[in-house]
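Each chain, written out:
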Amino acid sequence: MGQNGQTYHKAIDRMEALLNIARALSADTPYQLVKASGIPPSTAYRQTAAMEDSRMLARDMQGRFMLGPECLALCFSAWGFPDPGFIMGPLLRFARIQTRQTAFVGFLRQNTLQLGPYSIGRGKRFAHPAAAGRYALQTRFKGQTAGRYMARAADSASVPVLLCPVVQNNKAFLTLGVFRQSSPVAEQDKITDVLRDAAQRLRTSVNFQKEHEAR
Amino acid sequence: MGRSTGFALLKALGERGYVTKQGDGCYRLGETVRNMAFSSTEAAPQQVSFGLGSKQAGQALADMELSAELFELADPTPARSLGPWRLGFANASSSNPWRKALLNSAEHAVRVLDRQICGFQSRDAGDDPLTQASQIDAFVQENVDAILLSATPDPDNVLAGSLMRCQEQGIPVIAVDRRPNDRSGYAVFVTASDELIGKFSAIWLAETLQGQGRVWLQPGLDQASPARRRLTAAKMVFARFPGLNIEGERFSGWTEDGGFQATQDLMLQHGQAPDGVWCDSGLQGVGSIRAFQALSERIPPHTGGDINGMFRTALKLKVPFCAFDYPAAMGARAVEVAVEVLKGATLPRRVEVPVPAILPRGTETRSIKADILAEHYVRWDLPDDTVLSQGLSLRGRPAR
Chain A
19 MGQNGQTYHK
29 AIDRMEALLN
39 IARALSADTP
49 YQLVKASGIP
59 PSTAYRQTAA
69 MEDSRMLARD
79 MQGRFMLGPE
89 CLALCFSAWG
99 FPDPGFIMGP
109 LLRFARIQTR
119 QTAFVGFLRQ
129 NTLQLGPYSI
139 GRGKRFAHPA
149 AAGRYALQTR
159 FKGQTAGRYM
169 ARAADSASVP
179 VLLCPVVQNN
189 KAFLTLGVFR
199 QSSPVAEQDK
209 ITDVLRDAAQ
219 RLRTSVNFQK
229 EHEAR
Chain B
13 MGRSTGFALL
23 KALGERGYVT
33 KQGDGCYRLG
43 ETVRNMAFSS
53 TEAAPQQVSF
63 GLGSKQAGQA
73 LADMELSAEL
83 FELADPTPAR
93 SLGPWRLGFA
103 NASSSNPWRK
113 ALLNSAEHAV
123 RVLDRQICGF
133 QSRDAGDDPL
143 TQASQIDAFV
153 QENVDAILLS
163 ATPDPDNVLA
173 GSLMRCQEQG
183 IPVIAVDRRP
193 NDRSGYAVFV
203 TASDELIGKF
213 SAIWLAETLQ
223 GQGRVWLQPG
233 LDQASPARRR
243 LTAAKMVFAR
253 FPGLNIEGER
263 FSGWTEDGGF
273 QATQDLMLQH
283 GQAPDGVWCD
293 SGLQGVGSIR
303 AFQALSERIP
313 PHTGGDINGM
323 FRTALKLKVP
333 FCAFDYPAAM
343 GARAVEVAVE
353 VLKGATLPRR
363 VEVPVPAILP
373 RGTETRSIKA
383 DILAEHYVRW
393 DLPDDTVLSQ
403 GLSLRGRPAR
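Chains as they are written, first to last, in the working numbering: chain A, 19 to 233; chain B, 13 to 412.
A hint or two may mislead.
With a straight-line cut-off of 27 Å between C-alpha atoms, the simulated DSSO-like cross-links for lysine-lysine are [claimed, not checked]:
#1 B:355 with A:228
#2 A:160 with A:189
#3 A:208 with A:160
#4 B:355 with A:189
#5 B:33 with A:189
#6 B:247 with A:208
Pairwise CB distance ranges (calculated) [said to hold, decoys possible]:
#7 B:193 with A:146: 22 to 32 Å
#8 B:126 with A:31: 55 to 65 Å
#9 B:133 with A:172: 38 to 48 Å
#10 A:72 with B:37: 23 to 33 Å
Since the hints were derived computationally from the structure, they do not count as laboratory data.
Nothing here was measured: the structure is a model prediction, and the numbers come from that model.
Where a beta carbon is used, it is the ideal one built from N, C-alpha and C, also for glycine.
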């Protein structure tokens, strides 16, 4: 073992490098992933294979590396929520298509919103989340079925968000939300309805999952 | 893991915020893990300019139906040994490029998951339910661990007995693309939304035509339920546009020749080219475009993707089109789902594979935006009958 656990820190650095590239969906092939990670190739290929095998990394239909289901499950578990698993992808896509906005799952503790998985809106009216995915709500979260808030990240201006609580535990709220770009008044109610519907479905599936785990 | 290694690893993980120590000597997942899920679930959109119909307010709402099965959990199946497992694939047929691509995709996933899958055998039923029933029985006798099933059309419910035997033996059945009539005959259904394909392609065409004009409909195969579902969904959208006149409708059999013939017949009947042609797939769409070309007519906007030939032809001739490819990559997803089921994981009854919107530059409408640009999606180096939606199996092994 290296001095002061350097070997382990190095291994963690490598894992983080690979996860960060996968998080940005910026590698289409193992070669691109390995090259972008800066890790010696043979180590990187071996580590990529191991992480795919343990489902920390996965690939989408075009072959891009993305975070794997195990990674997402770990995160939900760290927040104390059951993992919505396969349902999250279709739900985020549904919310994104129906609202034409960037849709996300967020974890809200006090007034800090930490974004989880998200699906970026299409066309011109969409917002990229801030770099760390962490926002401070400028007004207190009231926990109502759907509420509009202004959220500010450390590195960007305030953005309007619409948030729907899904479930709550003693640590945080699990929420479903969209970044709201300017949209015609007629569409605003529709966006709220869509989000409420999606949150209701996510709630149902999270509760199912909770019951299943309890059994 | 040795004690000293374990403690050193735990210490390093703690220093990086992956775990935090509790007062009682226990550890729990830390802040770094809580922030780990911040990631895009789909590729970021390509910045494309608004094109046809962008000024049209558009009356069609992109109402996407979510199947209730997406939120219904499959009955938990007890894990079947530790693996590796043997899978059988009862395939309805491999009679067209899409079906061959589905098989390629499944075989690719088997190669990727070779540590978990030690055997994979596929049997082609030639669209005959009796043959498929006997093939399923053979898989049961060979005691495979799970069966992937793309069901043949089965009006007499011939498959029910075989599927019952699977249940009795505790062999999970994963339906892919086409499910059996009896919902209790399978554990999970891996598919894509036909309603979405029909509805969104119709919205694109209606918005492209700014809600006015004459439209021809060319659905796929008359008896096939996906073709019916897409057609019904498309008609519901067209009905919202009173200025659109559905002038003709011809089933095309999902073949290039069928599309060519359907367009020729409709031209004979109506005497002039329409303003738009709705096809539920490029399998016939490419035939329709070639028919207009053969008749030296102006080629109207078309819908339908799926095969490389449609993309190559439409881009070369600068025909406005949109494609919602029915993903052959669902073959790979079905293999992954089978492995999950065998591990004893909880899964929804229905697993949907995403259907991307593929449009050429400048053809986005108010409601329909490109997930992928057709110019980036097309493969000029591959033959016309290549199915592009088969995902990773396309690399190095075209579906031929």
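Against the structure shown, which of the earlier numbered hints fail to hold, in ascending order? Hints 4, 7, 8, 9 contradicted; others consistent.
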